[in-house]
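Novice: As a plain string of letters, each chain reads:
Protein chains: 2
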Amino acid sequence: MSDTQHVAITIADIEAAADLLAGVAVRTPLVESPALNMRTGGRILIKAETLQRTGSFKFRGAYNKISSLAPDTRANGILAWSSGNHAQGVAAAARLLASPAVIVMPRDAPATKIDNTRALGAEVVLYDRYTERREDIGARLAQERGLAIVRPYDDPHIIAGQGTVGLEIDEQCQRIGAEADVLLVNCSGGGLAAGCATAIAARSPATAIYSVEPEHYDDMARSLDSGDYETNAPGAPPSICDALMAQTPGTITFPIARELLSGGLSVTDAEVRRAVRFAFETLKLVVEPGGAASLAAVLSGRIETRGKTICLILSGGNVAPELFAEIITTRAATEEPG
Amino acid sequence: MSDTQHVAITIADIEAAADLLAGVAVRTPLVESPALNMRTGGRILIKAETLQRTGSFKFRGAYNKISSLAPDTRANGILAWSSGNHAQGVAAAARLLASPAVIVMPRDAPATKIDNTRALGAEVVLYDRYTERREDIGARLAQERGLAIVRPYDDPHIIAGQGTVGLEIDEQCQRIGAEADVLLVNCSGGGLAAGCATAIAARSPATAIYSVEPEHYDDMARSLDSGDYETNAPGAPPSICDALMAQTPGTITFPIARELLSGGLSVTDAEVRRAVRFAFETLKLVVEPGGAASLAAVLSGRIETRGKTICLILSGGNVAPELFAEIITTRAATEEPG
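Sequence order for the protein chains is Z and F.
Residue 102 in my numbering sits at position 88 of the first sequence, with consecutive numbering throughout.
Residue 335 in my numbering sits at position 321 of the second sequence, with consecutive numbering throughout.
With the rest of the complex left out, here is chain Z (with noise of 0.2 Å):
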């Protein structure tokens, strides 16, 4: 179903992505919790991305990709689509590039990423996705009204924006006098995966790098393990982790995961519950369920931690106070106390 392109990605795209980025995108901490060394037995080093503007890593994809568009292309204004994450780092991108913005959101899509999404100044329209397609849409608004599109992973300038994530760790790590042994990267359509992994393999090619996605939505790690593009099963239940349930891996992130990764790891929603209650009891973080699966991987002993440094990413915190009271307050009966 999908053509790959073999569109090479190489660290002086990701390093000039950085310098477009410096004083714009926030830099976000690697932090550390004592608890959750003591906890896995290793080094757990936790790059906050919800730290960063709009409240994922989405926005510096999107101001590296705005950025590059001719000035006559921005002025006249970009497009893209998306229920959640990316439409707010494109619209905080695009408002502070002076681009109008147009964001296609689903018409459920929960009020507050609407709303948010129209508070940074996008001009929001809604479609029904039981009866339309968004890319459908999305191609004929940006005909019509002569709008770049700003896709959410399958772009070489949104790729290199991801890939300063993977850029900072290793210069958070390399302060810190710490060697990762993994880095875990929480994966939908794999633009936060193959930005990182050219990152890493450029400055610290020892570091073995895998993909974390949800159960039921694991084609990434499929496609890894057949080499060829796998696509999660039709019907399957949806995720808590609303963020990584792309069907397919992208047909320019893939090629690069398929070099540089070395699997990939899935997670239960139990597992990813379990994952965001721990980072608001210990580590005092909000993070999104998707935004946690790699934390997850981690504390339900998906990767070997006992003796090893490991970093992975909180991609993500926006998610609904309701859903996330109800995951704070709520422990399952499987699970054990703390």
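Any given hint might turn out to be false.
[Said to hold, decoys possible] Here are some chain F residues pointing at chain Z (derived, C-beta under 10 Å):
1. 38
2. 249
3. 291
4. 294
5. 298
6. 300
7. 342
[What the hints assert, rightly or not] Far from chain Z, some chain F residues (derived; all Cβ distances over 12 Å):
8. 106
9. 147
10. 250
11. 262
12. 284
[Stated by the list, open to error] Across the chosen pairs, the derived CB separations fall in these ranges:
13. Z:139 - F:336: 35 to 45 Å
14. Z:276 - F:222: 48 to 58 Å
15. Z:149 - F:52: 56 to 66 Å
16. F:219 - Z:276: 52 to 62 Å
No lab work stands behind these hints, which were simulated from the structure alone.
Virtual Cβ for every residue (Gly too), placed ideally from N, Cα, C.
Position chain F relative to chain Z; hints supplied.
Specialist: Then chain F, alone, in the frame of chain Z:
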């Protein structure tokens, strides 16, 4: 009611504490939120001490104090009284220093705080806060068992340990080229305020320092105004800031505060709730009510922010999940959206 004790605490004491804490305490990040800057019209630098061991700054002073004890005293054990953050900070520090810890806690303290303190290896002695005074029980137990008392704030080693927060703030400001016009410090007995004021007065003398307290518990603000120890009115309604309910400034902390602080601010429970919710929604940080007092002062216009660089400390994140859930899902009718 209180005898003033002029105990000199110097920047050298704080630097010594910082050396001792290096590699033991978390060097918590100084974070910045473009959304908060835009909202306030200033540059707000947030010291996320919520990310400290045991979720508050209290570990710093406790570790510095217990380290200062003679080896046989330390081996014999220590005693502290606290219903919350000091209990956990002392228990964690005592365990690292192999000092048996006895913590006197009210019988009706939140079960999670008692459990956490026990999980950190401390012996918890419960008392009835309506019929017994914890200072009396603590002093009696300490004498019977020959335990060293680790006071919550009125101790030079405690104050110097908490002062390392101020030292780090100054170092982190310098690294990003920021000069703070104002430092806001949440205040109960005044250990954090006295320590940070000593550090900042030495390193950044142009910075004005203010304490922040809850409404009805603004004994420090009124004491700074009058120049003598003021006490909170009996029968005041309890504050949502359970960590900030001291009745009068400390006998060691107040002379320092009187010399170095520009004044004291106070915030209402409603302002604190809004700050906790803002930290959840926008900063993606978990803050307990008492830890959010300074953020509340900034968000509520209790201090001029426009064009100013203001540092504030999120001093603790130990909040019961049920209360946090209630705060983030409830928006008062009088509040503006967002």
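Novice: Evaluate each hint against the coordinates.
Specialist: Here is what the structure says about each hint:
1. With a least beta-carbon distance of about 9 Å to chain Z, the hint placing residue 38 (chain F) at the interface is held under the 10 Å criterion.
2. Because the beta carbon of residue 249 (chain F) sits about 32 Å from the nearest beta carbon in chain Z, more than 10 Å, this interface hint is broken.
3. Because the beta carbon of residue 291 (chain F) sits about 8 Å from the nearest beta carbon in chain Z, less than 10 Å, this interface hint is met.
4. For residue 294 (chain F), the interface hint holds, since its Cβ comes within 10 Å of a Cβ in chain Z; the closest pair sits about 6 Å apart.
5. Using the Cβ-Cβ criterion of 10 Å, the hint placing residue 298 (chain F) at the interface with chain Z is satisfied: the shortest such distance is roughly 4 Å.
6. Taken as an interface hint, residue 300 (chain F) checks out: its beta carbon lies about 4 Å from the nearest beta carbon of chain Z, inside 10 Å.
7. Restraint check, residue 342 (chain F) versus chain Z: the minimum CB separation of about 4 Å is within 10 Å; hint holds.
8. Here residue 106 (chain F) does not stay apart from chain Z, with its beta-carbon only about 8 Å from theirs, under the 12 Å limit.
9. Every Cβ of chain Z is farther than 12 Å from the Cβ of residue 147 (chain F); the closest lies at roughly 31 Å, confirming the non-interface assignment.
10. With a closest Cβ-Cβ approach of about 29 Å to chain Z, residue 250 (chain F) is found to remain outside the 12 Å limit, as its non-interface label requires.
11. With a least CB separation of 30 Å from chain Z, residue 262 (chain F) remains clear of the 12 Å interface cut-off, as annotated.
12. Its beta-carbon lying about 17 Å from the closest one in chain Z, residue 284 (chain F) satisfies the requirement of being farther than 12 Å from that chain.
13. The hinted window of 35 to 45 Å between residue 139 (chain Z) and residue 336 (chain F) holds, with their beta carbons roughly 40 Å apart.
14. Evaluation of the 48 to 58 Å hint for residue 276 (chain Z) and residue 222 (chain F) yields a pass: the beta carbon distance comes to about 53 Å.
15. At roughly 33 Å, the beta carbons of residue 149 (chain Z) and residue 52 (chain F) sit outside the given window of 56 to 66 Å.
16. A C-beta distance of roughly 53 Å is found between residue 219 (chain F) and residue 276 (chain Z), which places it inside the suggested range of 52 to 62 Å.
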